[in-house]
Amino acid sequence: MSGHPADPHGAVHWIEHLPILIVAAPLLAAPICVVLRRARAAWTLAMAVTWGAFATAIHILSRVSAEGSFSYEVGNWAPPLGIELRFGFFNALVLVIVTGISAVVLSSAPGSLREIPRERQYLFYATFLLCMTGLMGITSAGDAFNVFVFLEISALSGYALIAQGGTPRALTSAFRYLVMGTVGGTFFLIGVGMLYMVTGTLNMADMAERLAAADASRTALIALAAIVVGLGIKTALVPLHSWLPDAYTFAPAMVTAFIAATATKVAYYALATFVFRIFGREMAFERLGLAHVLLPLSLIAMFVASAVAIFAKDVKRMLAFSSLAQVGYMVLGLALCNKSGLTGGIVHLFNHAVTKSALFLALAGIALRLGSTRLEDLRGIGKRMPLTSFAFVLGGLSLIGVPLTVGFVSKWYLVLGAFESGNTAIAVLILLSSLLAVVYIWRVVEVAYFSEPPEGAEPVKEAPWSVLVPTWVLIGAVIYFGISTQATAAVAERAAELLMMGQL
Amino acid sequence: MPDASQATALAVLWPLLGLVLNALFRKRENLRETGTILVSSSLFLGVVTLILPAVLRGGRPRFEIAEMLPGLPLAFEVEPLGMVFALIASGLWIVTTLYSIGYMRGHHEKNQTRFYMCFAMAITGALGVAFAANMLTLFVFYEFITISTYPLVTHHGTEEAKKAGRVYLGVLMGTSIAFLLLAMVWTYHIAGSTDFVPGGLLAGKVEGPLVAVLLALYVFGTAKAAVMPFHRWLPAAMVAPTPVSALLHAVAVVKAGVFTVTKVVVYVFGIDLLTETGASVWLMWAAGFTVIAASIVAIRKDNLKARLAYSTISQLSYIVLGAAIANTLSITGAGMHIAMHAFGKITLFFVAGALMVGAHKTEVSQLNGIGRRMPFTMLAYLVGSLSVIGLPPLGGSWSKWYLALGAAEAGQLVMVGVYMVSSLLSIGYLMPVVGRAFLLDPPPEEAAGGIREAPFFCVLPPVLTAIGCVVLFFYADSIYQLLQGITAP
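Chains as they are written, first to last, in the working numbering: chain V, 1145 to 1648; chain Z, 5 to 493.
Chain V extracted, bound-state conformation (with noise of 0.2 Å):
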């Protein structure tokens, strides 16, 4: 910190300085993986450097909840020409989803992680890293640029967690996301240049301030399109989904559990960021009419995403055009721009991401065992994998929103928030939708505990420990918040209240 009093107590020094470890430690620690080679050590490391960046996550939401939001200057070179990281109540919030979420999935690695090779899993773990320091870096970043370097940071790695897959598929589909995600970043990199050209500044604070002070110009708003469509492909809003359903279908069973709790959430942080703080709700919602385009279309991904999961013959391809439905719900908070449903748009961000993440790992476990995720495989599967499948009916339940889960408070607010703008028919087609839910939810418990195992098959145990206690840990996240919601929708809706005045 720049212009800091000798500090007789050390340990002061050391506390301030921690933010900055939760993208610098999973940078440092990639390569030192890479220099290990061995799978076991690796994975300790890496499970480290998760654990330490998600206590540093709630240490941070804790300052913020303490004091307010605060910048870290990097090498104490103050903005604008130094880098700086932010942190308000919003970003605090999504770290520690991002990290808990890793630090849980990745607990499981040892036991799931059957696609790879053990001698060549030290590459995983780097990779894993990578990605993560990307992730950290979008949600942390103070200024424009350096959202865009980590943006394709976490993009690149993402290609290469997704393309280990297994089978041929995966390449095919890691390429798509390759092309799209390229395709999401330059737009996102067009905008941020015009935003230069318009205000002449790359920290993100500073652009806010110009842009509200200078009439906006059509520049400002084309760059705002640009950036909304860009991080649109990132965040999957329909159409601009195409990448997500095959990479998450051939992906490795943990990384889909990762990617779609972690990238896409940290993806709509930046595209809320953007929209609220940067252009302002006046710009972005009078102006330029956004909500004619995003309203629209998350509830067209609602419907049409859910529809498409019920009739998914694979299970893991069912939860990820899911998926693409939540991302409709939580892009429809935003787009309904009041205070509830704002808050309902980031609590289910954590919501979503415990409970998708819950789900993909448990279907890891039946993965593991059965040697598929098909639906008609899983026959029987309740009787046969009973903590497993207990667990995945849960997360499922959370999907649904039935109270005393996770996904009923995001609904709640949700719901609110469309009675708030005055449009009950958002309302009841929010209600209506995850009706959808019940149907693609319900159509695997009826296979699980209510049909006979096929004949002759094989006697499967239950999933391996390393994978069934995450589940469970995840599961246990998808109850508690659900009944006591102090430490996520509370922090949510100061997050929206600041986020609906400009501020972080």
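Hints are supplied without guarantee of correctness; some may be wrong.
[Said to hold, decoys possible] Here are the computed lysine-lysine pairs in the BS3-like style, where the Cα-Cα straight-line distance is at most 25 Å: (1) Z:Lys-31 <-> V:Lys-1527; (2) V:Lys-1457 <-> V:Lys-1605; (3) Z:Lys-31 <-> Z:Lys-167; (4) V:Lys-1483 <-> Z:Lys-209; (5) Z:Lys-166 <-> V:Lys-1527; (6) V:Lys-1605 <-> Z:Lys-31; (7) V:Lys-1527 <-> Z:Lys-114; (8) V:Lys-1457 <-> Z:Lys-166; (9) Z:Lys-114 <-> V:Lys-1605; (10) V:Lys-1527 <-> Z:Lys-167.
FYI, nobody ran anything at the bench for these hints, they're computed from the structure.
For chain V, the structure is supplied; the task is to place chain Z on it using the hints.
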């Protein structure tokens, strides 16, 4: 000893102890069932000794569990209507457990542990609904009931059971998400709370057609009340083992539905708001139609359980109609009918199950002369029928009396007529069974053999509940007095 407030939360969680015991003793049936009996009896005892006295003194024991949404707690608060419902659900659970032992073993059912576990969860759900302090808490437990009873409906795992399960879940959960949740958030948006407030949460806050719209969302959202056209799940649920049909689909689940409707009328809208705006007139007609139409369908059903299911639909709408009329008498009648119909109908279902176990008969047309073979069972059926029809000296006569009186006081003579006509219709669908059983000769191949009843545990419960119907006639006043607290200022 926990005080009355803590006892409410304890009572709601208590059945889950049964679930744990079931899981623990899943390999040893006798221990497993003993556990359930101990849990159910202690639950009833606890409700009677710890909570009831406080409510009788006019208290409202309250307990907050957690803040589920900022400003929206998950909380319990016991008022008279919920007290009645809780007493019925917990008391009849004991009898039904006895009955389940006879039925499930006599019928050689599979997956009995799952059955007892889900049953215990459903009771938790029913008590949660009964004690809920606000609409949010009620909704939580309402959904809890739906999910925990689904495996009971699909218990047999056949294609037919799965299909019925789809209808069951689809209608119950579909309506609750699409309508009830919508109504609840809407209420919160208007009133800033979902609390049950004496005199009505929405009183003075809404007006015009919106009142009727909200009422419709609440009533149709509560498909467990089975007001037509959202009644199809109830006949579908009859594929479940008979103890489920008896306790859950004649008492706990369906009464949770009509209880919700009554509670919403009294504490969310307030009876003054409804009578002043006339917003519930349409509901009288909808409920009145259901009463008559379901009775007519019941007459035409040959399958005994299906007939009883339609009879239940009809009787549930008695209560909804009473709530819609919305004066002190009709609300009291509605509350009493929750209790009276419970005893009558559970008796009838117990008998239907005993006939299946003891004589393998499911259709009304097969029952000629069955009274000679199973006299106790069929006498219990007679008593239960007379109570459902509403004849003295049986409990059902009182609730019908107050319901009709309430309709008359409101000047709704058509609705008085509905009550009367449907009583006649109920004679039409219940009495032929008695006639066949006692007056017609059995088919020749079954004539010999003397008395051959179903297993003891299948016969004792209906006899007990039939006696309960008689007892309720003489002690109806205590329920009446208790329920006076609902609409008292």
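Each hint, compared with the structure:
no.: 1; hint: Z:Lys-31 <-> V:Lys-1527; in the structure: 16 Å, holds
no.: 2; hint: V:Lys-1457 <-> V:Lys-1605; in the structure: 24 Å, holds
no.: 3; hint: Z:Lys-31 <-> Z:Lys-167; in the structure: 30 Å, violated
no.: 4; hint: V:Lys-1483 <-> Z:Lys-209; in the structure: 23 Å, holds
no.: 5; hint: Z:Lys-166 <-> V:Lys-1527; in the structure: 17 Å, holds
no.: 6; hint: V:Lys-1605 <-> Z:Lys-31; in the structure: 20 Å, holds
no.: 7; hint: V:Lys-1527 <-> Z:Lys-114; in the structure: 13 Å, holds
no.: 8; hint: V:Lys-1457 <-> Z:Lys-166; in the structure: 19 Å, holds
no.: 9; hint: Z:Lys-114 <-> V:Lys-1605; in the structure: 23 Å, holds
no.: 10; hint: V:Lys-1527 <-> Z:Lys-167; in the structure: 20 Å, holds
Hint compliance for this structure: hint 3 alone is broken.
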